[in-house]
Amino acid sequence: MLAYVVRRILATIPVMAIVALFVFSLLYFAPGDPAAVIAGDQATPADVERIRQSLGLDQPFFVRFGDWSWRILQGNLGTSIFTNLPVTTMIAQRIEPTLSLMVLTLILSVSVAVPMGVVAAWKQGTLIDRAVMAFAVLGFSVPVFVVGYLLAYVFALELDWLPVQGYTPFSEGFIPWLENLVLPAIALGGVYIALIARITRASMLEVLQQDYIRTARAKGAGQASILFLHALKNAAVPIVTVVGIGIALLIGGAVVTESVFAIPGLGRLTVDAILRRDYPVIQGVVLLFSFVYVLVNLLIDLLYTLFDPRIRY
Amino acid sequence: MIDRRSLLKATAGTGALAAMGGLSAPALAQGAAARTLRFIPQANLANFDPIWGTQYVVRNASAMVWDTLYGVDDKLEVRRQMVEGEETSSDGLTWTFRLRPGLRFHDGEPVLAKDVVASITRWMPRDPMGQMLKAIQQELVAVDDRTFRWVLKKPYPKLRYALGKTNTPICFIMPERIAKTDSFQQISEYVGSGPMRFMRDEWVPGARAVFQRFDQYQPREDAGTWLAGAKRMLVERVEWVVVPDPATASAALQNGEVDWWENPLSDLVPTLRRNRNIMVDIADPLGNVGSFRMNYLTPPFRDVKARRAVLMAMSQEDYMRALVGDDERLWKPLPGFFTPGTQLYTEEGGEILKGPRNLDAAKKLLAESSYAGEPVVCLVAQDQIITKAQGDVTADLLKRLGFNVDFVATDWGTVGQRRASKSPLNQGGWSMFHTWHAGADCINPAAYNAVRANGDGAWFGWPNVPAVEEAISEWFDAPDLEAEKRIIGKVNRLALENVVYAPTGFFLGYQAWRKNVSGIQKGPLPFFWGVSKS
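These protein sequence lines are chains D and A, in that order.
Going by the numbering used here, the first residue of the first sequence is number 1, and it counts up by one from there.
Going by the numbering used here, the first residue of the second sequence is number 314, and it counts up by one from there.
Treat each hint with caution, since some may be false.
[Stated by the list, open to error] Below, in silico cross-link-like pairs of lysine to any residue (SDA-like), each with a Cα-Cα straight-line distance of 25 Å or less:
(1) A:Lys846 to D:Leu162
(2) A:Lys493 to D:Thr79
(3) A:Lys493 to D:Leu275
(4) A:Lys735 to D:Gln59
(5) A:Lys447 to D:Arg50
(6) A:Lys828 to D:Glu158
(7) A:Lys701 to D:Pro86
(8) A:Lys735 to D:Asp47
(9) A:Lys701 to D:Glu158
(10) A:Lys701 to D:Val271
(11) A:Lys493 to D:Leu162
(12) A:Lys701 to D:Tyr149
(13) A:Lys493 to D:Thr44
(14) A:Lys828 to D:Val256
(15) A:Lys828 to D:Tyr153
(16) A:Lys701 to D:Leu178
(17) A:Lys701 to D:Phe145
(18) A:Lys471 to D:Thr44
(19) A:Lys735 to D:Leu275
Calculated from the structure, these hints are not laboratory results.
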């Protein structure tokens, strides 16, 4: 097992190298010019060119890529073209809000979606099942920003229960932290809940047809025990897979959610950097997201062994 | 009166949280809240060097942190600011300036003449007026700690204006060690000379910037407006909260989470007006001038007849309604290039933009031009509301005129890069792009790059009209206001005849704030001095 984990971690190195090359190439060949943004709208072409030279943006592809790769190998993600701050500092400033939002969304989504899916499977064909499925369709269909605006309107503007925007660090208190994240987490969680609930239902329906479930019933096991102890554990592998895949959904959704709720997280940092063509920041954030995604996939693979002891690496 | 959120916190939260040991202290005590002004700026403060990065948002933040030698007031008059007095030699070539006593930088060091010399030297290469001054400068030296002398090779009557204007880049005064940074390199230390200190440790680019009152700042005694006079800070702390989504910004203002919003969307203004706790008013009476620029280097717009055909057919009303909606208080037609309501405003030569639009005459003129059906590459940034609205109107106009339109829907970053290309159309060139200019920049030609027509040295599109340039040079040497008015009339006429660029109209924007905030001025940038919060 340990050898497998080490192998998988080592395998991330070529994956990250390919991601790095891909991202760098994409940005190099994409149109846009940070020098023009820095110089401002009134700048002359000569000003823009001089700034471009000072930033090294006039260098050929291989020189820039070589320089960047060498720095990455030394653990240096570079310095933002605009803020003059190290990219690692900017990521460090922004990682807590995004991590908080994702963890809260994950907890909220799993704790709502799994029982929903289980109940829908148990009550297959009833009104409850249809209601859960209707919610799932709605969750998939309504864009995150629409849910976000509606939640902000109702719970912040009309009821005045929660703030509209912003983020309070956890170190400043649990309640202020939670207040700022509840609405974004619900908005972001909609799609995720829908996805997990549907997969849970489908997986549970399959497991509930198995012989051992009938045996458990015959032995007098209670409904809750059958559903959550006997069936759910065996239905867990596809659910865990979807939870893992959904992390990518969360990362994508966080970009929109952070913009709607003005949360200073990595999603907004990415969008701002892309719009300004702040190459070092874009490259740093994309590398980080890729690394997280690779690690999450590894974690999911390892979790399989917990839910299904037949799986061995 | 207790509100629902406080009540909820007090009841639902207390028990559970006390048990968790997670009860939070109130973020700000009542008094502290009144001493902190929370402001939503027009954009993210992504860098903080007003000479290296000349975006308006950087200028606006910098005006709190760095002071200027002179300042323009709300009557567009130049007044002394850090300067106590100046003397000019009889031939107008030697200027001797004396600084006010007691001026200090934020690190406690006195502001000395050598700091001023270094600051002016760094500013000059980045500013149009500065470049002119540099070209005629003989020497700029510190005479003693409070005196510096500037010797020119020819008189420059608008020197005080150059040092006090609101146009970016402003000549801010920094410590010599910082000002010695090359003007094309970003500074990394933010030691100011103005009424507020920049709190670098609290700066989260893209989210928040914080400014704290500088106790040792010496405001002038005379009343302050805009960049002139007493810059007295009545709040201890100003927090810039970056809210990228206008609907969220509107909700945050209504909810009392912020106090002042620099540029609400006109679509959201009716909602804000309905809130009895919110005031909405014009942000800047000098407004903005909408524009699109045609490329003098590529067909069809290298032919003046094609350019004039577009001008003849365009309806400024169409552009303005697309931009600001049906609120008639927010726009007016602009048959020229200079800001309405200012001393040099003129409509001389503006007939081509006035009256009913004549599409047939425009088509006829286009037919007389060299246009042969080649594509017109129209760059339109979709991520800027102003450029997108104008671009849509232009595309329709060009099609109706019979142009073969290649509508390039892209983002501002790409327009910024592509407009610098002088290549032919089939090699990444372009025919036209849309933008806008702050009205404060268009009150005269001093810092008005867009109206210049000096070919390769001109702004993007590279208009080459020597007669316009000669007239602008005359203006710089104009002895009095009457002469200035006469010359600007000529500039306007010549620039319209040759279509240096196409003005799409004059438009205003709103600002909004909560009623417990007072002292907000209307002006080309948000001024934080004199603003208080109850």
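Structure-inconsistent hints, enumerated in ascending order: 3, 7, 9, 11, 14 and 16
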